[in-house]
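Undergrad: Here's the letter readout for the chains.
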Amino acid sequence: NAGVTQTPKFQVLKTGQSMTLQCAQDMNHEYMSWYRQDPGMGLRLIHYSVGAGITDQGEVPNGYNVSRSTTEDFPLRLLSAAPSQTSVYFCASSYSDRGNSPLHFGNGTRLTVT
Amino acid sequence: AQSVTQPDIHITVSEGASLELRCNYSYGATPYLFWYVQSPGQGLQLLLKYFSGDTLVQGIKGFEAEFKRSQSSFNLRKPSVQWSDAAEYFCAVVVNAGGTSYGKLTFGQGTILTVHP
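Protein chains in written order, with my numbering: chain A, 1 to 114; chain B, 1 to 117.
Hints in this document: simulated from the structure, not taken from any laboratory.
Among the hints, erroneous ones may be present.
Here are the computed lysine to aspartate or glutamate pairs in the EDC-like style, where the Cα-Cα straight-line distance is at most 20 angstroms [claimed, not checked]:
no., chain 1, residue 1, chain 2, residue 2
1, B, K104, A, E30
2, B, K49, B, E20
3, B, K61, B, E20
4, B, K61, B, E88
5, B, K104, A, E59
6, B, K104, A, D38
7, B, K104, A, D56
8, B, K49, B, E88
9, B, K68, B, E20
Construct the complete structure from the given sequences, taking the supplied hints into account.
TA: Right, dumping it as C-alpha cells:
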C-alpha cells in the first residue's frame, strides 16, 4: 500500500505566489487533515475533513484553503504565500475521526517562502 | 484551554541506557493519549496509544507508556535504548468526551532524542 502520499517534497515560493500541496490516500479513510510543523511548536492543525464534501477549520486556518471532492484527495491551497507560511506540512488520514483509530501521516512537504 | 507539555526539548542517552520521556496534559475529562515518533525527513509513526483499561500500554519497537491520572501524565519508557531510536518524539492528546474528534487533537512540542554509541 502507498498509504498517504504528499507532493511535492520540497517547494520554494516567492511572497504572493499561490500553490497547491497535494495529498492522496489509498486506504479509503474518511478523515483527512493538514498540519504544519514548526520548530518547538509541535504540529498544529490547519484544516480537516470528515468525508467528501465536508471540511472544517483547525487551529491555524488563516491563509489556507481546502476542499474534498473525493475520498482519496485532500489538497491544501495557499492563495498568496507569506514568509510566515514557511514550514513543513503534513497530511494525515484515519479510518474515522473519533480519535480511536490511528492517524497515518505522509512524509511531508517542506515549503520555503522568500 | 487544553494543552500538552513535553518538558524536555532535547535528551541525550547512551546506547543501552534506559529512557523516560515526559508528557503532561491539562484536561478535565479522560483523554485519549498517543505517542508518535518522527525520524528525520519522515512523517510521524504511531508508537502506542491509551484509550482505557490497563494504564500501562505496550507499543512497537519495545516502548511502553504509563497513564497516571493523578499526575495528568503519560510518560514514554524504554528499558534499553538503541542507536536507531534517535528521533523526535511527540505526545498527543484528544479529549474523550462527546464529540471526540481528531479535530481536537493537540500535540506537544516534541522531544529530540540523541543516542550516543
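Undergrad: Run every hint past the structure and note whether it holds.
TA: How the hints compare with the structure:
1. B:K104 x A:E30: With a Cα-Cα distance of about 16 angstroms, the restraint between K104 of chain B and E30 of chain A holds, given a limit of 20 angstroms.
2. B:K49 x B:E20: holds (16 angstroms)
3. B:K61 x B:E20: The hint holds at about 14 angstroms.
4. B:K61 x B:E88: The given pair, whose Cα atoms are some 14 angstroms apart, holds under the 20 angstroms limit.
5. B:K104 x A:E59: holds (9 angstroms)
6. B:K104 x A:D38: Given that 20 angstroms is the threshold and the Cα spacing comes to 19 angstroms, the pair holds.
7. B:K104 x A:D56: holds (12 angstroms)
8. B:K49 x B:E88: holds (17 angstroms)
9. B:K68 x B:E20: holds (14 angstroms)
The structure is consistent with each of the numbered hints, conforming to all of them.
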